[in-house]
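Q: Spelled out from the first residue to the last, the chains are:
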Amino acid sequence: MIKFLNPSYVFKISGKLLNLFKTILIPLVIIGLVFSLFLSPEDYIQGDSVRIMYIHVPAAWISLFSFAAISFFCILNFLFKLKNVTLIYKSLAPIGLTFNIVAVVTGSLWGQPTWGTWWAWDARLTSMLVLMFFYIAFIFSYKFVSNPDRSIKACTLISVLGLINIVIIKYSVEWWSTLHQPASISLTNETTVHFSMLIPLGLMVFALFMYVAVIFLMKYRIETIRIKKKGIKNYEL
Amino acid sequence: MLLKKVKIRLSILLALSVLSVLAIFLLFKVLEDNVLYFYSPSEIKNSDEINLKKRIRIGGIVKQGSIQSSERDIKFIVTDTKNEIIVSYSGTVPALFAEGKGVVAEGNLKDKKFFVAKRILAKHDENYMPPEVEESLNINAK
Numbered sequence: 001m002i003k004f005l006n007p008s009y010v011f012k013i014s015g016k017l018l019n020l021f022k023t024i025l026i027p028l029v030i031i032g033l034v035f036s037l038f039l040s041p042e043d044y045i046q047g048d049s050v051r052i053m054y055i056h057v058p059a060a061w062i063s064l065f066s067f068a069a070i071s072f073f074c075i076l077n078f079l080f081k082l083k084n085v086t087l088i089y090k091s092l093a094p095i096g097l098t099f100n101i102v103a104v105v106t107g108s109l110w111g112q113p114t115w116g117t118w119w120a121w122d123a124r125l126t127s128m129l130v131l132m133f134f135y136i137a138f139i140f141s142y143k144f145v146s147n148p149d150r151s152i153k154a155c156t157l158i159s160v161l162g163l164i165n166i167v168i169i170k171y172s173v174e175w176w177s178t179l180h181q182p183a184s185i186s187l188t189n190e191t192t193v194h195f196s197m198l199i200p201l202g203l204m205v206f207a208l209f210m211y212v213a214v215i216f217l218m219k220y221r222i223e224t225i226r227i228k229k230k231g232i233k234n235y236e237l
Numbered sequence: 238m239l240l241k242k243v244k245i246r247l248s249i250l251l252a253l254s255v256l257s258v259l260a261i262f263l264l265f266k267v268l269e270d271n272v273l274y275f276y277s278p279s280e281i282k283n284s285d286e287i288n289l290k291k292r293i294r295i296g297g298i299v300k301q302g303s304i305q306s307s308e309r310d311i312k313f314i315v316t317d318t319k320n321e322i323i324v325s326y327s328g329t330v331p332a333l334f335a336e337g338k339g340v341v342a343e344g345n346l347k348d349k350k351f352f353v354a355k356r357i358l359a360k361h362d363e364n365y366m367p368p369e370v371e372e373s374l375n376i377n378a379k
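Those protein sequences? They're chains A and B, same order as listed. With the numbering used here applied, the first sequence corresponds to residues 1 to 237, in that order. With the numbering used here applied, the second sequence corresponds to residues 238 to 379, in that order.
Among the hints, erroneous ones may be present.
[What the hints assert, rightly or not] Anything over 12 Å on all C-beta distances counts as not near chain B; from chain A, calculated: (1) S14; (2) P27; (3) A68; (4) K143; (5) L157; (6) V160; (7) V167; (8) K170; (9) I185; (10) A213; (11) L217; (12) K230.
[To be verified] For lysine to aspartate or glutamate, the following EDC-like pairs were computed, each having C-alpha atoms within a straight-line distance of at most 20 Å: (13) B/K266 <-> A/E174; (14) B/K338 <-> A/E42; (15) A/K170 <-> B/E308; (16) A/K170 <-> B/E336; (17) B/K338 <-> A/E223.
[Stated by the list, open to error] Have a look at the derived ranges for each label pair, beta carbon to beta carbon: (18) A/G231 <-> B/L251: 32 to 38 Å; (19) B/Q301 <-> A/E42: 22 to 28 Å; (20) A/K81 <-> B/F262: 28 to 34 Å.
Bear in mind the hints are in silico, worked out from the structure with no lab data behind them. We put the beta carbon where it would ideally sit given N, CA and C, even for glycine.
Start from the sequences, fold in the hints, and give me the full structure.
A: Written as structure tokens, this is what we have:
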């Protein structure tokens, strides 16, 4: 257990993992894009704009998943003062924010031809926008609050509120009437996406999660190097 | 065996969580109506008072065989299978607007049964499938 918390050990392992992920990332993205842009059929009613879904859905999932993850690590840090996990959430938060923006923008591009509007203030869309502000607040509170104790407190508060928002996002389409359609893929109900569209979606989810892993590991290693460099500088002085 | 400090932090966290859930729950309780994007015809029917001046949204399914378009406007019936509202609208409708599909209309009620729309949005459902599958589904349904 101690071994896994040792930054040098993690640094070594993460380098190996990064190389592995990098090699499978490119073929995975190519296969995913070929399936979703060329091999998959059009939708019976939306036509080609269904292809936006293959980016939109993974991006939305990633933004929800990574907020849950950063909240978890932030709360862990708050409870047990594990300094090393700050690196994890610092490396993951910007990726989550990026995919949140991707989800909102692609959703908007899909909304215009399908619904007839770029934006609607319904519960799902609004709660996704709120998540974006939570991400920004989270990033600000570790970047611009110099006192680490205060920074953790601020992050924890945002995490708790943000996690409630995650639940709201998930159930918004069931609790209230929204313009956004209910979930097509769920663990309890039957999936309402046809098999021929489910394959490219699955591939894109896999490819984009791999991309997140690669960017995360790269960022994690950079943060580690930054800390080490700081240590060396202090030592020299 | 938790350290005392951790215990204190854990109780702070739990108290914070409970308070936040409570606060957000109350917030949504107050906002109740505003969180809904549209009302269904049944909700309109069951509401005690209707404000004819207030711009609202109603939504449901466009009833089969109910679309009548003339030069001036287009009329159709929005239904939630229990109750119906007649909607009149002049302007272009989105490409996905069709009978048997979901729709959201924004505008004013004239009375509980008649609605004048200023804007029409098509609502997409959670089904995704290629055209061939949809055709065979229709054949099977018949």
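Q: Now, for every hint given, state plainly whether the structure supports it.
A: Results of checking the hints against the structure:
no., hint, verdict
1, S14, "holds, 28 Å"
2, P27, "holds, 26 Å"
3, A68, "holds, 14 Å"
4, K143, "holds, 23 Å"
5, L157, "violated, 7 Å"
6, V160, "violated, 5 Å"
7, V167, "violated, 9 Å"
8, K170, "holds, 14 Å"
9, I185, "violated, 9 Å"
10, A213, "holds, 27 Å"
11, L217, "holds, 29 Å"
12, K230, "holds, 27 Å"
13, B/K266 <-> A/E174, "holds, 16 Å"
14, B/K338 <-> A/E42, "holds, 18 Å"
15, A/K170 <-> B/E308, "violated, 43 Å"
16, A/K170 <-> B/E336, "violated, 29 Å"
17, B/K338 <-> A/E223, "violated, 51 Å"
18, A/G231 <-> B/L251: 32 to 38 Å, "holds, 36 Å"
19, B/Q301 <-> A/E42: 22 to 28 Å, "holds, 24 Å"
20, A/K81 <-> B/F262: 28 to 34 Å, "holds, 31 Å"
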